[in-house]
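*Asks:* Single-letter residue listing:
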Amino acid sequence: MAQAGVTEAKPAVPSMDGSVRRIRLFTALGLVFAWEIIATLGTVGVLYNDVVPHIWNIVVAIYEELISAGFYRDLGITFAEHVVGFIVGSIIAIFVGIWMGTSPLVRGALEPYLNAIGSTPKIIFLPILFLMFGTGIESKMAKGSLSAFFPVVFTTTLGMVLINPVLIRVGKTFNLNKWQMITKVYMPAMVNPVITGLRLGMAITVIGVLVAELKFADGGLGYRLGIYYEQFRIAPMYAIILIIFALAAAANVGMTRLQDRVNRHMAPTTTKGKKAAATASGGLGVVGTN
Amino acid sequence: MSKLHKMPIVVGLIGLLACALILEYSVDAGWVMQLVVPRPSDTILAFPEVQADMDLFGNFFVTLAMTAAATLLALIIGVPFGYFLYRNTRYGVAYEGWLAAAFAAPTVLLYPLFLVIFGRSHATLIAMGFIPGAIPIIIQTRQGLLGVSKTLLNVGRSFNVSERDMFWKIQLPSAVPTIFTGIRIGVMYTLVNIVAIEYLIDFGGLGRIVSEMYFRFDTPGTYASIIAVVFVSVFFYWGFGRVEKWLRPV
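Protein chains in written order, with the numbering used here: chain X, 1 to 290; chain U, 1001 to 1250.
Each hint should be verified, as a subset may be incorrect.
[To be verified] Listed below are the simulated DSBU-like cross-link pairs for lysine-lysine, each with C-alpha atoms no more than 30 angstroms apart in a straight line:
id : chain 1 : residue 1 : chain 2 : residue 2
1  : U       : 1245      : U       : 1006
2  : U       : 1006      : X       : 178
3  : U       : 1006      : X       : 172
[Stated by the list, open to error] The following residues of chain X were derived to be distant from chain U, with all beta-carbon distances above 12 angstroms:
id : residue
4  : 19
5  : 60
6  : 63
7  : 80
8  : 91
9  : 103
10 : 126
11 : 133
12 : 161
13 : 172
14 : 174
15 : 181
If you're looking for bench data, these hints aren't it; they were derived computationally from the structure.
Every residue, glycine too, gets a C-beta built ideally from N, C-alpha and C.
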């Protein structure tokens, strides 16, 4: 009976996979078809004139973007703002997270304020950053740091709180000092939640930097998007949006792979390691905002 | 000191007060430019001025109305679609990855498209709030229904409960806490996106006030309006957290 069950179950998996693939394919084709109908209606002036360009025009616009020198200048600016913002924000967040994780007093004192600001749209702080750093790339870097800070600080704190208490007791029995405890016990045990936080932080930093560029900038992909919108150049606007989505997805996939690799090489070190990863989107329950 | 250790919130408040006093003194002493960071006392005094000049409360209700409209739309579309994905397993499996990707995507950047379609109007705000609001509701509705205890379903079947009653009396009540988590996340993202777009296009409620105050170089007013947005976010976050706890008592 069990044998029969196994033999019956085997073909079910490819069948499921096949139908899932078919659904995805038909959905994608349906979307393309619907898009082209709207685009055609727009071309003949019936619906949303020129607002929805033909897919071919978007493909051409993507190609033109990719071969233009201006695009790479703007990409470089956004990349620099993102990298600096992400690194600065993450480093500060990791230290604050460790501080909060090791001291219940600090955690209790800071948590309400971090939760409050963490659930606020960070873009609202842009005027303060413009006042402090000007409207150049420095303010975008600061915005990137602000965006990266919150997911990383929440996951680092959570990672510290959820460290297996046995590991901490072992460290104490060996009379490790605070620095040794951090480097030998806490940090190796926190790699997974910290990387989860970094992955989230990276994604939110991309959005944070681009949105800041859309408001005030003289370079960057967000600036480029804003210019195309102002000039009503719709196909290049779609092209930039698609390129940004692709780059954001690639960065996310890269961080996810890094996390998977770390997971494979690290023994489970938290009492509720899975929980730490699962709640990482909200840190200590806070929604990550751009 | 040991008493303070037991009262971290008091320590936090003392710390906040100390920071405010240091800032007040630093601005007075000229160490910090008043044009960049105003005195905390000036920021507090700016609240009535912003209220009188820009109708802070009235604009709060504008943002609230936009958030409510976008959330309602997200619920009307998200819950039935989540149910559809639950009932049709293959569609659920096929779309779950896409939904997760869409949730992680920088959808806020789509606002120029909606500006082109709807113009600088409330429809753009609602559309931009709807997108990030609907996705977690769809995902969590499906997850909530998938997570209904088999025992409860078997009990329903043993009582020969109809398909309709099974949904309304067993599946939906069991899934409500998980669905509500989706609604909470959806509302927060909706609010965040709406305030962000209000700020970016200088239109609507609280986000527009922040932008306008900055353009006037009214630094205390800018800080006061930013603090107002923080309070609104905290209110939403806290309020929905309380309701979620009430729905999930264990």
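*Asks:* Classify the label on residue 103(X) as holds or violated, using whether its beta-carbon is more than 12 angstroms from each beta-carbon of chain U.
*Replies:* 9 angstroms, violated
*Asks:* Run the C-beta distances from residue 126(X) to all of chain U and say if the shortest one exceeds 12 angstroms.
*Replies:* 7 angstroms, violated
*Asks:* Is the nearest Cβ of chain U still more than 12 angstroms from the Cβ of residue 63(X)?
*Replies:* 20 angstroms, holds
*Asks:* Is it the case that residue 91(X) keeps its Cβ farther than 12 angstroms from each residue Cβ in chain U?
*Replies:* 22 angstroms, holds
*Asks:* Would residue 181(X) pass as off the interface with chain U, using Cβ distances and a cut of 12 angstroms?
*Replies:* 20 angstroms, holds
*Asks:* A cut-off of 12 angstroms on Cβ-Cβ distance, and residue 133(X) was said to be off the interface with chain U. Does that hold?
*Replies:* 10 angstroms, violated
*Asks:* Please settle this one: residue 161(X) was flagged as non-interface, so is its CB more than 12 angstroms from every CB on chain U?
*Replies:* Check passes; 14 angstroms lies beyond 12 angstroms.
*Asks:* According to the definition I'm using, a residue is off the interface if its beta carbon is farther than 12 angstroms from all beta carbons of the partner; does residue 80(X) meet that for chain U?
*Replies:* Correct as stated: the minimum Cβ-Cβ distance to chain U is 18 angstroms, above 12 angstroms.
*Asks:* So residue 174(X) supposedly isn't at the interface. Is its beta-carbon more than 12 angstroms from every beta-carbon in chain U?
*Replies:* 26 angstroms, holds
*Asks:* When you check the alpha-carbon spacing of residue 1006(U) and residue 172(X), does it fall within 30 angstroms?
*Replies:* At roughly 24 angstroms apart (the allowed maximum being 30 angstroms), residue 172(X) and residue 1006(U) satisfy the hint.
*Asks:* If I take the minimum Cβ distance from residue 172(X) to any residue of chain U, is it greater than 12 angstroms?
*Replies:* At roughly 20 angstroms from the nearest Cβ of chain U, residue 172(X) sits farther out than 12 angstroms, so the non-interface label holds.
*Asks:* Residue 1245(U) and residue 1006(U) were given as a pair; does the straight-line alpha-carbon distance stay at or below 30 angstroms?
*Replies:* Distance of about 24 angstroms is within 30 angstroms: holds.
Hint check: violations occur at hints 4, 9, 10 and 11; the rest are consistent with the structure.
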